[in-house]
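Put together the whole structure using the sequences plus the hints.
From first to last, the protein sequence lines are chains A and B.
Sequential numbering of the first sequence, starting at 1, is according to the working numbering.
Sequential numbering of the second sequence, starting at 1, is according to the working numbering.
Honestly, the hints are just simulated from the structure, not real lab data.
Check each hint, because a few of them may be wrong.
In the SDA-like style, the derived pairs of lysine to any residue whose C-alpha atoms are separated by at most 20 Å in a straight line are [to be verified]:
id	chain 1	residue 1	chain 2	residue 2
1	A	K171	B	A139
2	B	K334	A	E84
3	A	K171	B	Y140
4	B	K348	A	L104
5	A	K403	B	S80
6	B	K348	A	N81
7	B	K310	A	N81
8	B	K310	A	L104
Chain by chain, the residues:
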Amino acid sequence: MMTDKTDGKEIIGRGAAEGARLFREWFAELTTAAERGEHTAYVFVMGSIAEILCSFDIHLVFPEITSLQTAVRRVAHEYLNAAEDYGYSPDICGYVKAEVGVQLKNGEHPMGKIPRPTFGVLTNACNTYLKWGEIWERMYQARTFALDVPGSRSLGGQTWQGDPDFENDRKYVEFQLRELITLCEEITGKKFDVDRLRETMRYTNAMSVAYKRLLAVNMARPAVFNAMSEGTIYLGVANALRGTAAGAKYFEDLVEEMEYKAANKIGTLTQEKYRLIFVGVPCYPIFRRFTELFSEWGGAFTGSTYLEFASGGLNTGFQYDLNRPLESLAEGVLVSVRHAMDAMFFQNQWLVDSLDAFHVDGIVYHPIKSCRTVSTGLADNRRAVMAARDIATLFIESDMMDKRVVTEAPMKNRIDAFFEGLATRKLKAA
Amino acid sequence: MTLWDAWKNKSLDETIGLCRDLVEDTDFPTVKKWKAAGGKTLGHFQVYFPEEIAHAAGMLPVKLRGSQVDRKKADAHFGSYICSIPRSSLELCLSNTLDLDMFVTQPICDVARNLAGIWARNFKYPAQILYLPQNANSAYSSTYLRDEYARLARELEKITGTLITDAALQNSIRVFNENRRGLRKLYDIKRETPWLLGIDEAFVLVAVGAMIPREEHNALLAQVIPQIQARTAKKQDRIRVVFEGGFCELPPVDLLRVIGQSCYVVDDDLLIGLRWILEDVSSDGDVLHNLADAYLNKSSYSPVQHDLRKPKEKMLMQRVKNANAQAAIVTAAKMCEPGLDEQVAYSKTFDEHNIPYFISEFEEKMTGFDHVQIQLETFVESILFE
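This is how it looks when you write it as structure tokens:
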């Protein structure tokens with residue numbers, strides 16, 4: 001949708017500023033929830049089931065967001081050290097350890113105070129989610145609910161509505177959602193209100209339409225947002241405010257901003273030279289610098305697998321049918337969480353398909369020590385993509401949390417060499 | 001066709017030696033022989049796989065449990081922070097040592113789930129994830145798993161071209177029940193008379209079962225169990241320990257032998273997938289449902305199954321108690337996230353209950369054991385002379 005505000009001053013930059021404001025408010029609300037001892041569910045970005053939990057007025061804490069904020073604010077090492085002193089290995093997920101550190105510090109966090117979990121909802125999108133929940137079970141005797149969402153059984157092997165295998169999976173998810181509702185009733189003492197559920201689903205529908213459009217707008221040349229850096233802000237809002245009026249409005253406004261920029265050829269970089277796709281999770285310990293290592297060469301990230309798998313399925317644009325809310329929610333959760341897993345395990349064809357649509361010059365793979373879910377298949381994926389298409393790729397390993405395995409100088413050397421290669425390619429093609 | 005009968009009418013020591021040779025043979029001769037005779041193979045990654053279904057389809061289920069093979073190709077397909085077992089398993093397939101007709105992995109960990117994609121991108125045969133339920137506590141889990149097994153059965157029928165009949169499934173259940181009874185007997189011997197059977201010996205006797213038809217393994221167990229019971233070894237003054245951490249990637253046999261020289265390992269979680277189901281599975285009625293129910297409700301535990309009824313540290317405490325163990329060796333494969341996670345819970349629980357424990361890490365390709373041996377002996381002595 002285009003806007004009448006043609007000078008753009010009120011629009012450009014609104015998404016970043018509003019995102020930051022909403023995020024601060026969200027953390028402030030968690031702080032008050034902690035003080036008041038209100039019900040809090042610990043949930044994860046790949047399948048938060050916010051629609052049900054919000055309908056019970058349960059606060060959501062996203063431990064992944066809690067942890068990454070410690071890295072962005074450059075204090076992750078304090079939390080990692082606390083967890084390692086407690087006994088956790090340097091070789092396990094940094095998100096888990098930072099969050100354990102937050103708990104060991106009684107919820108103290110640079111953005112506020114993180115309330116303790118009343119209970120946890122764990123999906124299987126990442127196996128570490130399940131191990132993580134077991135930590136809360138041990139620390140607080142917190143109840144956990146594992147929502148098991150079967151993923152695609154093979155590369156390109158998705159089943160869809162009408163297929164008996166899809167229906168088997170959907171029934172399993174729906175049954176579990178009903179069990180989760182019963183658990184929420186027990187914990188909160190409130191009766192399930194299907195109209196409240198419909199309301200949250202309606203907001204998620206609006207967010208989903210806008211989010212899908214947002215990703216598509218970045219096909220524009222120049223790219224209107226940096227999928228890695230600005231995209232992380234959008235992901236934060238997408239998850240924290242899922243199923244809310246504020247979340248829906250944020251993304252509708254964001255699409256307006258990005259469409260305005262696209263129409264007026266206003267890029268995220270003043271001079272875009274190379275269009276890139278980012279695969280993996282960003283390097284949060286040096287987040288700003290990590291972005292600059294690419295933007296200084298005129299490299300703009302037009303898309304990322306992160307915006308696919310960590311958006312809670314909003315990228316699919318799935319629309320819940322409010323006339324049959326629980327059945328449709330199960331269907332949506334199945335499709336969304338499955339897609340998140342596909343975007344990590346089977347993403348090679350998506351990458352190949354994106355090359356032309358987003359006019360991509362190169363792909364940056366960033367496997368990390370902390371996350372085997374995202375990183376295990378990347379070297380192989382890169383081989384497959386390069387076999388399918390003549391495309392420049394960069395493979396750099398570091399971490400999303402642990403600055404001990406982030407070494408900027410060799411990283412910069414690799415990135416510089418990558419861009420020199422891209423420049424040579426452009427010269428040859430000219 | 002008999003795949004492997006070198007052990008027939010041999011002494012116990014000779015049989016154990018032959019089993020060890022076969023388990024450590026990076027050429028997988030029994031699988032090659034099966035393929036050469038026109039048989040179909042299904043390679044399944046650790047930990048648990050319902051081998052009965054592949055057996056009923058007439059396939060040879062082969063457990064992909066890694067290997068000490070030299071990795072010439074596979075490392076180029078993985079990043080740095082990944083454990084060893086997926087690398088060596090992929091190497092076996094890329095080098096065509098293991099010529100499979102299907103590959104199946106399970107959602108046991110974040111690495112394992114990626115393997116279906118990696119296999120699919122590198123091999124022409126089907127590569128799938130068998131979605132064993134991660135919510136063992138849902139009332140719907142066994143129904144779901146029954147349907148998932150039926151889906152798997154249909155996939156296998158496509159590969160073999162033959163229908164998996166109820167009669168075939170019932171027969172397979174009986175064969176595997178017998179096998180599990182044999183394995184339970186081996187572990188009873190370890191628990192009750194550990195001086196008769198070392199951890200390394202028990203390990204190779206179990207592991208060989210994942211490389212030959214179960215009928216042959218049943219016959220092998222039927223031969224060796226009386227031989228073990230007839231051994232004349234004397235009980236020595238050694239501490240009784242439980243070994244934990246071998247549920248997926250496996251330590252080298254020599255490391256197990258070194259451990260066995262210092263203490264009696266009275267129970268362990270090595271190859272727990274082969275011993276996952278703890279009771280006979282009924283071959284009456286809906287066999288797939290029986291198998292699914294057994295997976296969920298008549299089963300052991302491991303760090304890679306989330307089940308509120310089975311807090312791992314409590315299950316390990318139970319294992320220690322049942323085996324009348326004095327101490328535990330709590331290991332994890334290098335870079336194995338579930339194993340490393342669990343070490344924290346295990347050690348805190350042991351601290352709470354005042355049970356001595358020895359923490360270590362291993363890798364399937366490690367070759368030096370002196371350091372571990374010295375540490376372990378110091379640990380053992382600290383208990384013996386307390």
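Each hint tested on the structure:
{"no.": "1", "hint": "K171(A) - A139(B)", "result": "holds, 12 Å"}
{"no.": "2", "hint": "K334(B) - E84(A)", "result": "holds, 16 Å"}
{"no.": "3", "hint": "K171(A) - Y140(B)", "result": "holds, 9 Å"}
{"no.": "4", "hint": "K348(B) - L104(A)", "result": "holds, 15 Å"}
{"no.": "5", "hint": "K403(A) - S80(B)", "result": "holds, 16 Å"}
{"no.": "6", "hint": "K348(B) - N81(A)", "result": "holds, 18 Å"}
{"no.": "7", "hint": "K310(B) - N81(A)", "result": "violated, 30 Å"}
{"no.": "8", "hint": "K310(B) - L104(A)", "result": "violated, 25 Å"}
Hints 7 and 8, counting from the list given before, are not met by this structure.
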